[in-house]
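Chemist: Input sequences plus hints: build the corresponding full structure.
Note that the protein sequences, when read in sequence, are chains A and B. Following my numbering, the numbering of the first sequence begins with 2 at its first residue and continues without gaps. Following my numbering, the numbering of the second sequence begins with 1493 at its first residue and continues without gaps.
If you're looking for bench data, these hints aren't it; they were derived computationally from the structure. There could be a bad hint or two in this list.
Stated by the list, open to error - Taking lysine-lysine pairs in the DSSO-like style, the calculated list, with each CA pair at most 30 Å apart, reads:
(1) A/Lys95 - A/Lys73
(2) B/Lys1657 - A/Lys73
(3) B/Lys1634 - A/Lys43
(4) A/Lys73 - A/Lys86
(5) B/Lys1629 - A/Lys43
(6) B/Lys1657 - A/Lys95
(7) A/Lys86 - B/Lys1657
As the list claims (entries may be wrong) - Stretches of chain A that chain B covers, calculated by requiring three or more beta carbons in the stretch to come under 8 Å of a beta carbon on chain B:
(8) 62–71
(9) 151–163
(10) 205–216
(11) 278–291
(12) 301–313
(13) 321–331
As the list claims (entries may be wrong) - A few chain B residues that don't get close to chain A, going by computed Cβ distances all over 10 Å:
(14) Leu1564
(15) Phe1578
(16) Ala1582
(17) Ala1585
(18) Arg1588
(19) Leu1591
(20) Thr1595
(21) Phe1596
(22) Tyr1597
(23) Asn1666
(24) Val1694
(25) Thr1717
(26) Ala1722
(27) Gly1729
Heads up, the beta-carbon is just placed ideally off N, CA and C, and yes, glycines get one too.
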Amino acid sequence: MSRSTRHDGDVRAPDDDPQAASRVTTAPVPAPLVLRRRRTPKVPYLLLIPSIAILALALGYPLFWQVVTSTKQFGLKQQFGFPAKFVGLDNYAKLVTDPYLWEVIVRSIVFCVVCAAATMVLGVGVALLMKNVHKPVRLFLQITMLLAWAMPVVASMTVWRWLFDYRRGAVNYVLTQMGFDFVGHSWLENPLSFFFVAAVIVVWGAVPFVAFSVFAGLTQVPDEVLEAAAIDGANGWQRFWGITLPIVRPVLAIVLLLQLVWDLRVFAQIKLLQDAGGTPSETNLLGTYIYQLGIGSGDFGLSSAVSIFVLVLTIALSWGYVRTLLREDES
Amino acid sequence: MSELSGITTGLATGGASGGLTGVSAGAGHAATVPNRSRISGRSVTKVVLSLVGVGVALAWVFPVYFMISSSLLPNVRLSSGKPIFFPTGARLANYRAVLESGTFYTALRMSIAVTVLTVIITIMFAFLGALAISRFKFRGRKSFILAVLFIQMLPAEGLFIAQYKLVGSLHLMNSVIGVTMIYVAAVVPFTIWMLRGFVAGVPAELEEAAMVDGLSRTRAFLRITFPLLAPGLIASGVFAFLQAWNEFTVALVVLQTDTSRTLPLWLRGFVQTSSTKDIDWGQVMAASSLIAVPVIIFFLFVQGRLTSGLVSGAVKG
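Modeler: What follows is the structure, given as structure tokens:
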């Protein structure tokens, strides 16, 4: 007791904490490290209890329910409380043989890959611009990118919906002014142009993240090396392929993975565009299809099976990403 | 400093570059700075790139600008068929109309309740979790991190039907608690990951030194480590705020009555009700701005952390 107060006069803690006091009196000065190892085996688990509890409740249980439900038959009867019948893998079999599901899967994957590719190309382009323009321009570019990135999806969807509005949209107006006939052109009626609009919106929202991440990677490229290469006669492309690209490759890989995973889950954008006039059956992607199956027609068995497909696909895609982050944790 | 001089050379040779790109027309221009031709070769590229940069920046910010600009104009002018790109004669009438509609406040209250609750619970839970994985070595630590990272990637779209059933069976449909529960679970993994870096950044020796000086472990933590973690806690709080405030998918499923809608659902409803008549785009844009502006402001605080948290393995420093 007396020792602890002598150590630090203005700290009141030990007086009302007998445990601490006894620890200090019983242990020599460098002991806390040793003590810590001995005293703490339970502490980390206690600290994790709240997180694990909420994850188990709100994610773990639904996941479990989903796996179980995907093996059951749900129909109108079950809506009114009849127990669902176990049907094994029937739902999966039904899905695998359903050409419409394949259509939706192919559509989702193509949409995802196209969006991710376009986002990467534009994002890297913007990052290179940020690196190579005058400082005020860079600042301007960064601020505008941030604004676009910060827009909530529902708000930006509303603006884009208006920009592409068939009657008063600015897009139709500008295109008409440029000499094309776009008076009253409905962008959302045709599935292909529906997805074009959706892709524009998704890419617009995703480019800033890629641009900032890649720009951060580019700042790791030492200027001296680039200058030395320039003196040795390497032109711009050679410097980019030979020096810059290898250094930013890890960032590119991780950002591409994230884009693929995120572009697979474009529920809000598609749903809100369907509100605005797309034909759902022709424009469904996986997210809206699950919604339609589950909430729309109450077929929880089928919708669970599709959900599990989405989860498995996501986990497969995330593998490399998670490995990279883990490596970071170990270092 | 070198950056600054770069700009001045760029600006000084700006005239020359104009001449060089429009070769036939501006030959006289280029002649005015003959002795700088080697520098200007690179500056020309830089000026051209800067112009492209300005163009890209304008294109990207246009939807945001157009939203705010249109929100200030009466619908009569917006529906004239010709888009108005500069809001001359701006009024706040649309905002007044939206705010007076009453339903906005119901949704605002709901959004605030859900967001505040999500932020507080997430920070508490994630903070304890981050402490566990960054300050302790224990069996299962690696599996937990692995689980956290994977969960963070799971799309709401892959689980929302099951979560809808869960919330329903707990009799929490249309309630703040039900939707908050799902949000906390969705946000906690990334927040743990983000905070882990902050906690690891405060050396444990600091805490130990305080313990040597006689503080209990808890007090040493509260007095020494906690204040140093404030920036991290704020950043993760803002992250949780953004997620809860903007979330659409889960809200759509578990909040189905008009009175329980959060702002994103309210905005969707607002557009839908007005689309049965002729959409009042001025009001709709005012409504969008009302939701977006607080988000944009908060977002500017955490952007850097967000980027480095998401790609931390790939970008050092």
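Chemist: Please write out, lowest number first, the hints stated earlier that are contradicted by the structure.
Modeler: none
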